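Numbering of the sequence shown is given in numbering that gives the first Met the number 0, commencing with residue 0 and proceeding in unit increments.
Simulated from the structure, these hints should not be mistaken for lab results.
Keep in mind that a hint or two might mislead.
[Unchecked claim] Below are the DSSO-like pairs computed for lysine-lysine, each with C-alpha atoms no more than 30 Å apart in a straight line: (1) Lys36 with Lys11; (2) Lys37 with Lys102; (3) Lys111 with Lys169; (4) Lys38 with Lys164; (5) Lys38 with Lys11; (6) Lys101 with Lys85; (7) Lys160 with Lys55; (8) Lys101 with Lys25; (9) Lys84 with Lys15; (10) Lys95 with Lys160; (11) Lys37 with Lys73; (12) Lys84 with Lys117; (13) Lys13 with Lys38; (14) Lys15 with Lys37; (15) Lys109 with Lys95.
[Claimed, not checked] Estimated spans, in silico, between C-beta atoms of each pair: (16) Gly26 with Lys101: 28 to 34 Å; (17) Ser20 with His125: 49 to 55 Å; (18) Lys8 with Asn60: 18 to 24 Å; (19) Ile18 with Lys102: 40 to 46 Å; (20) Lys102 with Lys13: 49 to 55 Å; (21) Thr81 with Arg161: 16 to 22 Å; (22) His125 with Lys101: 16 to 22 Å; (23) Ile12 with Ile33: 36 to 42 Å; (24) Lys101 with Ser20: 39 to 45 Å.
Values in this document were obtained by computation on a predicted structure and should not be read as measured data.
All residues carry an ideal CB built from backbone N, CA and C; glycine is no exception.
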Amino acid sequence: MEFIYELSKVLKIKKKSFIKSLSTFKGLPHRHEIFYKKKGIQFINDSKATSFEAAKFALNNNNNIFWIVGGQPKKDDNINLTKLKKKIITAFIVGKNIDFFKKKLKNIIKYKISKTLKNSLIAIFHDVKNSQKKEATILLSPASASFDQYKNFNERGNEFKRLAKFYANKYL
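Using the sequences plus the hints, can you model the full thing?
Here it is, written out as structure tokens:
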């Protein structure tokens with residue numbers, strides 16, 4: 000993003016015009032896609048984040064995060080959450096590689112095993128209702144491939160958006 004701003008200056012685009020166009024830019028689906036907001040809760044679909052390195056952007060740029068993580072991790076993916084632990088309220092582990100993520104999160108971040116997106120969202124809405132936070136982020140940024148439960152990241156992201164809206168309207 001910083002690069003784009005610097006480029007706009009080189010191209011002599013007025014700052015006001017740059018900010019206006021940036022605020023209306025939609026971006027691509029499944030890539031840090033803020034797709035829904037309700038009662039102080041924002042919902043972000045970052046299903047394309049199939050490695051921890053890719054998930055770090057969303058984790059770094061949000062607060063009070065209920066993080067849905069899991070799937071098929073990359074073999075050599077270095078997951079270091081020490082600097083991010085204050086941003087994450089709870090991680091919800093999905094998929095078939097639960098033990099891998101338990102080891103990575105243990106003693107760093109509070110986590111729950113939910114196995115599926117549906118179970119994660121039901122648990123998250125329960126936690127959100129009991130939370131003292133006025134604002135929160137429900138984030139699917141799985142740091143893993145989707146193939147253990149879905150055909151691809153698009154299918155996983157679309158299912159997340161469908162379920163998130165359904166349960167938001169049911170529980171909020």
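Hints versus structure:
1. Lys36 with Lys11: Violated: Lys36 and Lys11 sit about 34 Å apart, past 30 Å.
2. Lys37 with Lys102: violated, 33 Å
3. Lys111 with Lys169: holds, 22 Å
4. Lys38 with Lys164: holds, 13 Å
5. Lys38 with Lys11: violated, 39 Å
6. Lys101 with Lys85: Judged against 30 Å, a Cα distance of about 18 Å means the pair holds.
7. Lys160 with Lys55: holds, 20 Å
8. Lys101 with Lys25: Violated: Lys101 and Lys25 sit about 34 Å apart, past 30 Å.
9. Lys84 with Lys15: violated, 35 Å
10. Lys95 with Lys160: Roughly 21 Å between the alpha carbons, so the hint for Lys95 and Lys160 holds.
11. Lys37 with Lys73: With Cα atoms ~33 Å apart, Lys37 and Lys73 exceed 30 Å; violated.
12. Lys84 with Lys117: Holds, because 24 Å separates the two Cα atoms, which is no more than 30 Å.
13. Lys13 with Lys38: Distance ~34 Å between Lys13 and Lys38 Cα, so the pair is violated.
14. Lys15 with Lys37: Holds - the C-alpha atoms of Lys37 and Lys15 are around 28 Å apart, at most 30 Å.
15. Lys109 with Lys95: holds, 19 Å
16. Gly26 with Lys101: 28 to 34 Å: holds, 32 Å
17. Ser20 with His125: 49 to 55 Å: Given range 49 to 55 Å: violated, Cβ gap about 40 Å.
18. Lys8 with Asn60: 18 to 24 Å: holds, 22 Å
19. Ile18 with Lys102: 40 to 46 Å: At roughly 43 Å between Cβ atoms, Lys102 and Ile18 fall inside 40 to 46 Å, so the hint holds.
20. Lys102 with Lys13: 49 to 55 Å: This hint holds: roughly 50 Å between Cβ atoms.
21. Thr81 with Arg161: 16 to 22 Å: Roughly 34 Å apart at Cβ, these two residues miss the hinted range, so it is violated.
22. His125 with Lys101: 16 to 22 Å: holds, 21 Å
23. Ile12 with Ile33: 36 to 42 Å: violated, 24 Å
24. Lys101 with Ser20: 39 to 45 Å: The hinted range 39 to 45 Å holds for Lys101 and Ser20, with Cβ atoms some 43 Å apart.
In this structure, the earlier hints numbered 1, 2, 5, 8, 9, 11, 13, 17, 21, 23 are contradicted, and the remaining ones agree with it.
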